[in-house]
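As given, the protein sequences belong to chains B and G, one line each in that order.
Each step along the first sequence adds one to the number in the numbering used here, with nothing skipped, and position 359 is 359.
Each step along the second sequence adds one to the number in the numbering used here, with nothing skipped, and position 252 is 252.
FYI, nobody ran anything at the bench for these hints, they're computed from the structure.
We treat Cβ as the ideally placed atom computed from N, Cα and C, and that holds for glycine.
It is possible that part of the hints are untrue.
To be clear about the criterion: a stretch of chain G counts as covered by chain B if any three or more of its residues have a C-beta under 8 Å from a C-beta of chain B, and this derived list gives those stretches [unchecked claim]:
no.	segment
1	197 to 203
2	262 to 268
Over 12 Å on every C-beta distance to chain G, these chain B residues come out as not near it, computed from the model [unchecked claim]:
no.	residue
3	42
4	61
5	64
6	69
7	91
8	138
9	176
10	203
11	215
12	262
13	265
14	344
Some, not all, of what chain G presents toward chain B, calculated at C-beta under 7 Å [to be verified]:
no.	residue
15	120
16	123
17	142
18	228
19	229
20	272
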Amino acid sequence: MLNLKKALLALSCSVLATSAYAQAQQVSDGVVKIGILNDQSGVYADFGGKYSVEAAKMAVADFGGKVLGAPIEIISADHQNKPDIASSIARQWYDTEKVDSIMELTTSSVALAVQGLSKEKKKINMVTGAATTDLTGKQCSPYGFHWAYDTHALAVGTGGALVDNGGKKWFFLTADYAFGYSLEGETSKYVKSKGGQVLGSVRHPLSANDFSSFLLQAQSSGADVVGLANAGLDTANAIKQASEFGITQSGQRLAGLLFTLAEVHGLGLKAAQGLTLTEGWYWDQNDENRAFAKRFMEKTGRMPNMIHTGTYSAVSQYLKAIQKAGTDATEPVAKALHEMPVQDILTKNGKVLPNGRMVYDMYLFQVKKPEESKSEWDMYKQLATVPGDQAYTALAESGCALTQ
Amino acid sequence: MNTIFGVPAPALYGQVLLGLINGSFYAMLSLGLAVIFGLLRIINFAHGAQYMLGAFVAYLLLFYGGVAYWPALILAPVIVAGVAIVIERTMLRRLYGLDPLYGLLLTFGLALIIEGLFRYWFGTSGKPYAPPAALTGGVNLGFMFLPIYRGWVVVASLAVCIGTWLLIEKTRLGAYLRAATENPVMVQAFGVNVPLLLTLAYGLGAGLAGLAGVLAAPIYQVSPLMGSNLIIVVFAVVVVGGMGSILGAILTGYMLGLLEGLTKVFYPEASNIVIFVIMAVVLLIRPAGLFGREA
Chain B
1 MLNLKKALLA
11 LSCSVLATSA
21 YAQAQQVSDG
31 VVKIGILNDQ
41 SGVYADFGGK
51 YSVEAAKMAV
61 ADFGGKVLGA
71 PIEIISADHQ
81 NKPDIASSIA
91 RQWYDTEKVD
101 SIMELTTSSV
111 ALAVQGLSKE
121 KKKINMVTGA
131 ATTDLTGKQC
141 SPYGFHWAYD
151 THALAVGTGG
161 ALVDNGGKKW
171 FFLTADYAFG
181 YSLEGETSKY
191 VKSKGGQVLG
201 SVRHPLSAND
211 FSSFLLQAQS
221 SGADVVGLAN
231 AGLDTANAIK
241 QASEFGITQS
251 GQRLAGLLFT
261 LAEVHGLGLK
271 AAQGLTLTEG
281 WYWDQNDENR
291 AFAKRFMEKT
301 GRMPNMIHTG
311 TYSAVSQYLK
321 AIQKAGTDAT
331 EPVAKALHEM
341 PVQDILTKNG
351 KVLPNGRMVY
361 DMYLFQVKKP
371 EESKSEWDMY
381 KQLATVPGDQ
391 AYTALAESGC
401 ALTQ
Chain G
1 MNTIFGVPAP
11 ALYGQVLLGL
21 INGSFYAMLS
31 LGLAVIFGLL
41 RIINFAHGAQ
51 YMLGAFVAYL
61 LLFYGGVAYW
71 PALILAPVIV
81 AGVAIVIERT
91 MLRRLYGLDP
101 LYGLLLTFGL
111 ALIIEGLFRY
121 WFGTSGKPYA
131 PPAALTGGVN
141 LGFMFLPIYR
151 GWVVVASLAV
161 CIGTWLLIEK
171 TRLGAYLRAA
181 TENPVMVQAF
191 GVNVPLLLTL
201 AYGLGAGLAG
211 LAGVLAAPIY
221 QVSPLMGSNL
231 IIVVFAVVVV
241 GGMGSILGAI
251 LTGYMLGLLE
261 GLTKVFYPEA
271 SNIVIFVIMA
281 VVLLIRPAGL
291 FGREA
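Here chain B stands alone, though its shape is the one from the complex (with noise of 0.2 Å):
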C-alpha cells in the first residue's frame, strides 16, 4: 500500500515535471527577455526614462513573473535619442542576447529605425514612447504596435479643443526631426479640415535652449495659436520663455501638443495653468488608477503618465499574448495581439487594428490653477472624452500597405 502510494506520488512527480518541461520547451531559450530601448539621460528621460522601465518590471511581477512556465526578465538602455545607437543596440539584443520584444522606443526617429530592424528581424515591437503615425502607416509592419497616444490622437485633442475656441490661425514652432514633422502635418491637417489656417512655422533644433528668437517669430506672425510640435524639456522651455515674452498676454494661446504629466509637474502650475492637452490615462480619474499611480509611486517617487501606464499596459498585453498563443514564437504572437482586446488599467475598451495601432479612448485636459491643486502632483482638470475612433486615424486612411 505504501509504496503503491509513493509509485504514485513520484508518477505524478514526473508527469508534472515533464508538463513543465514542455511549456518551458515552448519559450524559445527557455526565457521571455524584454528590452526596454528609450531616452534614459536626454531631453525625455522623465517623459519615459527609467520610469518606464519600472513600470515593465511592475507588470512582470503582477503576471507573476512567469509565463508558460518560463521566467520573464527586462532588460534595459539608453539610445540617448540617435537612431544608429538605438540600431546597434537591437541588433545586438536580437543577435547575441535572445530578446524576444523591444518596447517603448521614445522618439520617432529611434521608434522608425528600430520598427524597420524588427520587421527585418521577424520580432516584435510595441511602441509607446514615440508619436509619428508613420508607425502604423507608411512605415508599418506586421510585427509592430503602437500603444498609448500618436500624433493624430494630440492633433484631434489638443488641436481640435483650440480650434472650436477660436484658434482659426496658426503658427508652429516644431522640433526638427520625424516627430515634429508628423505632430505639425497632422495638426495642420486637422486644422485647415476645420476651416482654420496655417501661417507658417519655424524648426529649431532637438533640445534648443533658448527659444525666444522661434517665439518672437511666432509673436509677429499675428497667429491666434503658437502650436508647439515638440516634447519633453524642448516644451518646457518654450512655455516658460513665452510667457516671459508676453506671448499670452498679448491674446496669441499656446498650444502644447505633446505635453504630459511629467513636464507639466516640472515646469510647475504657475507657468503651465490654464494649458489644454492630451493624454490618455491621468492618475486621478478613478480609485484603480489612484492605486496604480499610489504603487507606482512608491517604487519611482513620481506620479506615472500615459507613457509610464502605456508601457505597463503594452507588457502586460505581450505577455498575454503569449499565454494565449502557448509560445513566444513572433507570428502566434503578433496573431494573438491583433485579435485579444486590450482590458487593464490603461483602458477598458482597447482594441488593436491589423496596422497595429491600438485605439483607445483619449482625455482632454486642463492644467489646474495653483490655488485649485490640493497636492504636488494634482494638476489636471478633465475637460471631455475623445472617443478612440475619431482620435487615431482609420485603417483605410492610414497608409499602411499590410492592410490593403
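Following the hints, position chain G against chain B.
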C-alpha cells in the same frame, strides 16, 4: 515696412537684441573658461556642470532655505567656487605638471558624475525658478517686447565681464596671476604663494560659471542637462576667441551670440551648427584664434 534681406527691419532688430542676450551667457561662460585655461592650463570640461550647479544651488536655496534671488546671486557662486576649490585642492592640483589631456579627462569625468547625480535626484524635465518680482514684466521697445529680466542679464553680464577683465589686467592681484602663469618659479621666489593663486583662479572661473547659472535659472528650466547643452558652444567660442585670451572670449561670446541669432531668422535649421562652422573656418585661417597669440 522696411525690410532687410527680405526680413522686416523691426523683426531683425529684435533678433539682434536676442542674439546679444544669448551672447551674454556665452561671454560669461567663456570668460571663466579662458581665465582657467589662461592661468592653470587646464581645459575645464566641468564648466557646464558648474553652471548647472549654480542654477541648482539657487533653486535649492529658495526651495529649502527660502533664500530669494538677490542673496542667491551672491551665495550660489560662492558655494560653487567653494566646491571648485575643494576639487582643485584634492584632485586638479596633482595634474599641473602633466599633459593638459589629464586635466581634460578629470574634469570631463567630474562633469559626468555631477550631472549624473543631479539627473538621478531631480530627473531631466527640470525645476521651475521664477524671476524676482522687481524684474518681472517687460517693456515694449516698439520693435519687440523686451522682458525686463533679459535686459538685466545683459547689464549684469557686461558688468561682470568688464569687472573680471579689469581685475586680471589692471590690479596687483591680476598682475601676480599673470606673472604666475608666465614663470611660477620666479614668482614664488619673490615670496608670492603661487599654489594659493592658482586655487583662487580656479575658484574664480567656477564662480563665474555659477553666477551665469543663477542668472539663467529664471529663463531656462533648472535642469541637469542645461550645462551640457551649452558647454560645447562655449568651447567653440573660446577656441574662436583664442584659448586663454580673456578679452577675446568676451568679444567672441557676444559676436557669436549675435550671429547665431541672425541665423535663427534666415535659416533656423542651421542655428545650432553655425558656430561650429565659424570655428572650423577660424581654425583654418588663424589657428591661434581671432584674439590669440601665435604660440
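Comparing the hints with the structure gives:
no. : hint       : verdict
1   : 197 to 203 : violated (count 0)
2   : 262 to 268 : holds (count 3)
3   : 42         : violated, 7 Å
4   : 61         : holds, 23 Å
5   : 64         : holds, 30 Å
6   : 69         : holds, 37 Å
7   : 91         : holds, 26 Å
8   : 138        : holds, 23 Å
9   : 176        : violated, 6 Å
10  : 203        : violated, 5 Å
11  : 215        : violated, 9 Å
12  : 262        : violated, 5 Å
13  : 265        : violated, 7 Å
14  : 344        : holds, 26 Å
15  : 120        : violated, 9 Å
16  : 123        : holds, 4 Å
17  : 142        : violated, 13 Å
18  : 228        : violated, 9 Å
19  : 229        : holds, 5 Å
20  : 272        : holds, 4 Å
The structure does not agree with the numbered hints 1, 3, 9, 10, 11, 12, 13, 15, 17, 18 stated previously, though it agrees with the rest.
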